[in-house]
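Colleague: Protein chains in written order, with our numbering: chain A, 1 to 159; chain B, 1 to 275.
A hint or two may mislead.
Stated by the list, open to error - Here are the simulated DSBU-like cross-link-like pairs (lysine-lysine), alpha carbons at most 35 Å apart as the crow flies:
| id | chain 1 | residue 1 | chain 2 | residue 2 |
| --- | --- | --- | --- | --- |
| 1 | B | K61 | A | K6 |
| 2 | B | K61 | B | K216 |
| 3 | B | K29 | B | K216 |
| 4 | B | K174 | B | K262 |
| 5 | A | K6 | B | K262 |
| 6 | B | K262 | B | K216 |
As the list claims (entries may be wrong) - What the simulated footprint calls covered on chain A by chain B, stretch by stretch (three residues with Cβ under 8 Å from a Cβ of chain B suffice, anywhere in the stretch; the number is not a length):
| id | segment |
| --- | --- |
| 7 | 36-43 |
| 8 | 90-103 |
The hints are simulated quantities; they were obtained by calculation from the structure and are not laboratory data. Even glycine gets a Cβ: it sits at the ideal position worked out from N, Cα and C.
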Amino acid sequence: MEIAVKINGEQHRHDVEPRTLLVHYIRDTVGLTGTNIGCDTSSCGACTIHLNGESVKSCTMFAVQADGEELLTIEGLAASVNATDGQMHPMQEAFRSCHALQCGYCTPGMVMASVSLLEENPNPNEQEVRQGLEGNLCRCTGYHNIVKAVLECAQGGAK
Amino acid sequence: MIPAAFDYVRADSAEAAIAALAEHGDEAKLLAGGHSLIPLMRFRLARPEVLVDVGRVDDLKYIRDGGDHLAIGALTRHMDVETSELVQAEAPLLAAATSHVGDPQVRHRGTIGGSVAHGDSASDIPSVLIATGATLVAQGPSGVREIAVDDFFEGFLETALAAEEILTEIRVPKVGGAGWSFQKFNRRAQDWAIVGVSVQVLNGSVGIGLVNMDTKPIRASAAEAALVGGSSAADAAEVAPDSCEPTGDLNASPDFRRHLAKVLTRRALEEAGVS
Chain A
1 MEIAVKINGE QHRHDVEPRT LLVHYIRDTV GLTGTNIGCD TSSCGACTIH LNGESVKSCT
61 MFAVQADGEE LLTIEGLAAS VNATDGQMHP MQEAFRSCHA LQCGYCTPGM VMASVSLLEE
121 NPNPNEQEVR QGLEGNLCRC TGYHNIVKAV LECAQGGAK
Chain B
1 MIPAAFDYVR ADSAEAAIAA LAEHGDEAKL LAGGHSLIPL MRFRLARPEV LVDVGRVDDL
61 KYIRDGGDHL AIGALTRHMD VETSELVQAE APLLAAATSH VGDPQVRHRG TIGGSVAHGD
121 SASDIPSVLI ATGATLVAQG PSGVREIAVD DFFEGFLETA LAAEEILTEI RVPKVGGAGW
181 SFQKFNRRAQ DWAIVGVSVQ VLNGSVGIGL VNMDTKPIRA SAAEAALVGG SSAADAAEVA
241 PDSCEPTGDL NASPDFRRHL AKVLTRRALE EAGVS
């Protein structure tokens, strides 16, 4: 089935098998490999992207369900806030300054989930950040600095 | 993991979905938000030959004040139920339990109707529908019918919905400021409940729905009857698991589930103000 999807502001058209998961479409067909696959059980959140501005797990959608919709992946995040060349999104900057990553595998999903969280709750407290990120697992267990980064970003403290 | 191949049909109305189901019969499954079905398909525990996608049937996405109840369209997403001021004010147990479904990403896609029609004993929402005494509305080739929640869940992932019927609306009684509680025991934040309990104080009675205490969502009938008979909350909670046949898995043995049902029912009754 042919689908038309806008990803990071760019229109894509492809013929896909209905059983193609959205994450496989994004990685293998479109070639955007920043979105990771972690668990295959809808648990880990490594594949989190934005669908029409909201966080979703791209391993738990078929590509055909995204037909006609607008997606944002980690590759397009900085440009989505008009960051100039080489500049990062404030959330990415906060993750950098707080050292909110160890191995980095969960990071793209964590960042996308965190941006969506602040869209819905611009001034969360620590408990709300922890609950808001319950769908993202960090197997380095580096949650402390991740939560710190989201709070710093919310307070506009990212340098 | 990649699901088995299937034919994809996109329905743009409830009627189109019913026609597609009538055409394909048992080989077809409805796809709403997909957060119950797609995980099963990835493990090939489900291999439908045809998927009828109702995700774009916008007519079934609504939350309306129906007088003595809230009428919620089956395709309303968990996130929209959870954040609805109407639901928070008139059916606070539903809003609270919904905020415990999966995680934010799951609630951005998963729908109340999809969750309920899946009929999973481990889901949170069916226990709310049991506790509040909800009514489910189904539409099929021969028209619309209402199904009381006590007649809806029939067995392991089985409901009263016929093969060519779709769930269109969930009617949850308005309870205003009456006491309620939702208790969920699990080991990790986003997990399914190992056991859960919904309690809703109603006019002259108390409704108690249990999560993961049988092969299907189940009412704690013995505990409800004990309360009607004048038992204390603590005594009623002791009989909460009576008539339940909980399964054992790597999280809990049947006996541990019975223990949890007693403890959580007592806590829920106390939080709901039932003494």
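Colleague: Could you work out which earlier hints the structure fails to respect and list their numbers in ascending sequence?
Modeller: Checked against the structure, the hints that fail are numbers 5, 8, while the rest are satisfied.
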